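Colleague: Protein chains in written order, with numbering that gives the first Met the number 0: chain A, 0 to 610; chain B, 0 to 610.
Hints are computed from structural coordinates only; laboratory data are not their basis.
If you're wondering where the values come from, they're calculated on a predicted model, not measured in any experiment.
Glycine included, every Cβ here is placed at the ideal spot set by N, Cα and C.
Please note that the accuracy of each hint is not assured.
[What the hints assert, rightly or not] Within a straight-line C-alpha distance of at most 25 Å, the following computed DSS-like cross-link-like pairs (lysine-lysine) qualify: (1) B:484 x A:154; (2) A:275 x A:206; (3) A:398 x B:146; (4) A:331 x B:154; (5) B:398 x A:146; (6) A:299 x A:281.
[To be verified] Here are the simulated distance ranges between beta carbons: (7) A:137 x B:37: 54 to 64 Å; (8) A:372 x B:85: 33 to 43 Å; (9) A:333 x B:208: 26 to 36 Å.
Number of protein chains: 2
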Amino acid sequence: MTDTVTGAPQAAPHSALSPSDELARWLELFDAALTRGDVQAVTSLFAADCHWRDLISFTWNLKTVEGHPGVHDLLDATLATTRPANWALEGQASQAGGVTEGWFTFETAVARGRGYARLKDGLCWTLLTTLYELKGFEEKKGRNRIKGAEHGVQKGRQNWTERRAQEEAELGISVQPYVLVIGGGQGGIGLGARLKRLGVPALVIDKLPRPGDQWRSRYKSLCLHDPVWYDHMPYLPFPDDWPVFCPKDKIGDWLEMYTKVMELNYWSSTECVKAKYDEDAKEWEVQVIRDGQPLVLRPKQVVFALGMSGVANVPQIEGAETFKGIQHHSSKHPGGDAFRGKKAIVLGANNSAHDICADLWENGADVTMLQRSSTHIVRSDSLMDLALGGLYSEQALEKGITTDMADLLFASVPFRIMHTFHIPVYEEIQKRDADLYDRLRKAGFMLDFGDDGSGLFMKYLRRGSGYYIDVGACDLVANGDVKLKSGVDIARITEHSVILSDGTELEADLIVYATGYGSMNGWVERLVSPEMAAKVGKCWGLGSDTTKDPGPWEGELRNMWKPTQQEALWFHGGNLHQSRHYSRYLALQLKARMEGLDTPVYGLQEVHHTA
Amino acid sequence: MTDTVTGAPQAAPHSALSPSDELARWLELFDAALTRGDVQAVTSLFAADCHWRDLISFTWNLKTVEGHPGVHDLLDATLATTRPANWALEGQASQAGGVTEGWFTFETAVARGRGYARLKDGLCWTLLTTLYELKGFEEKKGRNRIKGAEHGVQKGRQNWTERRAQEEAELGISVQPYVLVIGGGQGGIGLGARLKRLGVPALVIDKLPRPGDQWRSRYKSLCLHDPVWYDHMPYLPFPDDWPVFCPKDKIGDWLEMYTKVMELNYWSSTECVKAKYDEDAKEWEVQVIRDGQPLVLRPKQVVFALGMSGVANVPQIEGAETFKGIQHHSSKHPGGDAFRGKKAIVLGANNSAHDICADLWENGADVTMLQRSSTHIVRSDSLMDLALGGLYSEQALEKGITTDMADLLFASVPFRIMHTFHIPVYEEIQKRDADLYDRLRKAGFMLDFGDDGSGLFMKYLRRGSGYYIDVGACDLVANGDVKLKSGVDIARITEHSVILSDGTELEADLIVYATGYGSMNGWVERLVSPEMAAKVGKCWGLGSDTTKDPGPWEGELRNMWKPTQQEALWFHGGNLHQSRHYSRYLALQLKARMEGLDTPVYGLQEVHHTA
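So that you can see chain A by itself, here it is in the shape it has in the complex:
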């Protein structure tokens, strides 16, 4: 078929072909045009409103380009060095609503890739290309696993335990890690596991005493808000009797076990206090305090894995210093046990605020929630059934959609049009849970569904805030058990009360500031320098020009899991799903650099906002 290709797309007679044949034929044309280096021909295989999302296979970046100009530009810059080949349909394609879609595999000069395409009228509408394996640096798994035992005999050999003990004794002391991961929560641990498998010497540090303490230290009734199918760590899925919503201490114990089983080099009770990058030596100098002792680490690469959130936002309020009760940010809140019979004020109305209000109420406190601006509410069950269930559920597994496949399918929807997939879901949710929403409105609660009605996940991507996944607290607000004051802020604080912006005075023994977090580059400001924080700019958000996510459009989350304006500085974080999936690409980028592969970055993001 390739000899009939003239450079203009051979619009497939798609009605006559099976979906698999149609996609296979498109891949054949695509392959041929790429192999010829005919950028114009490749471009013309795309629809005018196309989106091509590449996860490090062409661009050594997480990058989405749009339309013919975008595709053309990407190829101009990357085709010669990428040298893609062997595009082949994987499994069977499907067709619905005029869209033909399916999986494929391909290779580049240095790697193996997998992707997902959607065709409309024979032309590519959305394309996802991802790199999953570097040639010559494959993970030692399956048929390639190590033998373990050294059969034969040999005097004085080390066994596994001795080798592990030596590695642990040396790394960070006499042998420097290639990568330092600052933050040992789910993100740092999952990334550490991927780096370990790839043979990248990495050290994960965390200030808490044990892996998993990030979860254990939270309030008592906390369970994961996302369901189990969405939450697996890389390589070692939870057993099939794991609860749908994992209790915090159980996930904490799992992370501690995982760290050990994956043989991570993990330093607990270790806090980073200062870091600077030596541009000449291409090396970081990182000051840490380990078990109370200062120590300097000199990694080549540093990953900030301190969550998707940055430094806590604590509002400066007149009179706060005179308050005789207890006041702290939600991140410092220890749980409600100590506040029985006390008057508690929670400033904020998002996830943390609701969880803390419910916990305080369960423990017998008198609780008032102060809602400053509207909040998106979605019931956990509805979210599971209507928003996640297609990809992450028992039903999905029974249809053969593995976690890896679900992650790629999720990634295959370009951010630019993702809201159009979500809006109908949230319209359905509004109908289904109309009663809850009515009751909340009647209680004075200010509701929203995002600027464009696209709901939770888009809010999460755009601003990382502004919502509550209801696991029960909404009832307390609706029925008045948790008192609500909405449309107000705290104007002033006295010794024993808060004065609201509407003049109301509320007695208070406890004030919790559930007021969110700054951008992750706040950590860079604190640990490296304000200059470097400004140089890399704001993290997270898409540039959607919606509330708290100013434009211009970025196409990808700012600075996450991809090269930043600062060489050797990386950000990792997000929920368990994102940490699991994107740690793959971050680990491969680090591995490629360690091995000295050429990694020309296409479309390095520009900085439009510093915080």
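Model the placement of chain B on the given structure of chain A, informed by the hints.
Modeller: For chain B alone, kept in the frame of chain A given last:
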């Protein structure tokens, strides 16, 4: 088709049918005859030389019957209460060498079952029936998993950690376990996990300080002798980069993690010192020492899970008490580090003897192995490739043979004819490794391949001894690095030497008795009474009338994982594969008893040997 059944088998025109149709048709006839309660008709669907192996689905026993009389007798005794139904082909059957074989599912009055059948000339040659799930008592997994979070709010509720802490504080103290598992190695832990999933209150005790210490405490260079695919624990397979032969400390750490993740109630540093059964109260009284403190437990059921081996055999040798050096059984041997430059005598030539000789040699000792009788040697690689690879390997996984399927296929070969499957494999191994065997013979080593040439696994089943899986030590014996004296025993021991049965005197600083173990009922003799040990009789072995496995033929391993002559007393053990697979049936038998289901035992084994 059922209305054409007259009671005589409708010999399927099997050449005309696909294998799946042939097996489906046989199942239909079988189902119809069973449903009619027509034992004669059912029996006539079997070949004259048939074997029916049932794992607790008809017999509440592990039981193999043979020939028409065996099938007839089993059905006479069990059909009315079992009420089997809904026999259905699962997947596709296959055909080779005149045998049609495949999977099926079925139900009984109280349970769901799965099995595997082999037909010859339209009649059943081998039938495996197994119970995997009790109706109404299914494991809470997959779609039935618990929610975990209690959505909604509730004052004063316990969280997961508090519930676990309460369970741990109470079980064995104020709340008695239904099952006490004595021995917390791989067997006890895996069984504990199954009981936990089934909601059976169980306590696992072990005398060592931490789960996994059973492995950690062994000699330094030890790795599992079986490959990774054969060694998974129930429910949580090893990650796919796990080494082929897992180092001892790594499996130790895994077991410790597994115990925690599976939420077992596991008491470390706890030794059973005495047990007795109260036949009236139907309850055990078990004295244990926990962390130095005596305590009495009162479980309804006791499982001895102290390995497949019993109490160590230490030979009584004249003059042993005068020896000035160190002497101990192989099970007490700490590793070779302390014996550099010392003269070591190892009595025995099986697995432990070889491993200990190699370890001593690696540590610079002068080592002599004393071989009393012939040993079966098989190279680890050959065993993997030729004996296990078809069921337990990457290749098997790629063919879709999961670990569970492999376990059932393994179980589907009746013990009576298993050797006929193995003899050709070991003929092939003898050719492949002829050079090694020649070199060993030249060094004076006495070799065998089992009484009938059926090799390692049959020796393991028949006597649990008499072999070495070569992972390197054979070279040391063949080339003289480890000195060999064969056909001798120790006649006498002096202060600094051993005198052999041929009169030779060898200087010795260390004597290791790699002289094996007694039957597991030795533990009953020690912990309960000699009377009860004699009542339950010898454990392990098939009654094959080969060396160290006296007849009569038993059909199944004696006393393992099935009811014994002593009510409420069970034995569990074996390698990782057996522990994984048979713990399923043992756990289900215990669950059924706890729930008060009727569990009439067909064919309870008679005792022919007491040790």
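Colleague: Each hint should be assessed against the structure and marked as holding or not.
Modeller: So, going through the hints one by one against the coordinates:
Under the criterion of a C-alpha separation no larger than 25 Å, the hint pairing residue 484 (chain B) with residue 154 (chain A) is consistent with the structure, at around 23 Å. Annotation: proposed proximity of residue 275 (chain A) to residue 206 (chain A) holds, straight-line Cα distance about 19 Å (limit 25 Å). Between residue 398 (chain A) and residue 146 (chain B) the CA atoms are separated by roughly 22 Å; this keeps the pair inside 25 Å, and the hint holds. A hinted pair counts as satisfied when its Cα atoms are at most 25 Å apart, and residue 331 (chain A) with residue 154 (chain B) qualifies at roughly 22 Å.
The suggested pairing of residue 398 (chain B) with residue 146 (chain A) holds, with an alpha-carbon distance near 22 Å, which does not exceed 25 Å. Between residue 299 (chain A) and residue 281 (chain A), the direct Cα distance comes to roughly 7 Å. Compliance with the 25 Å bound is thereby established for this hinted pair. Checked against the hint of 54 to 64 Å, the C-beta distance between residue 137 (chain A) and residue 37 (chain B) comes to roughly 59 Å, which is consistent with it. Taking 33 to 43 Å as the suggested C-beta distance range, the pair residue 372 (chain A) and residue 85 (chain B) does not conform, at roughly 59 Å.
For residue 333 (chain A) paired with residue 208 (chain B), a C-beta distance near 33 Å keeps the hint of 26 to 36 Å intact.
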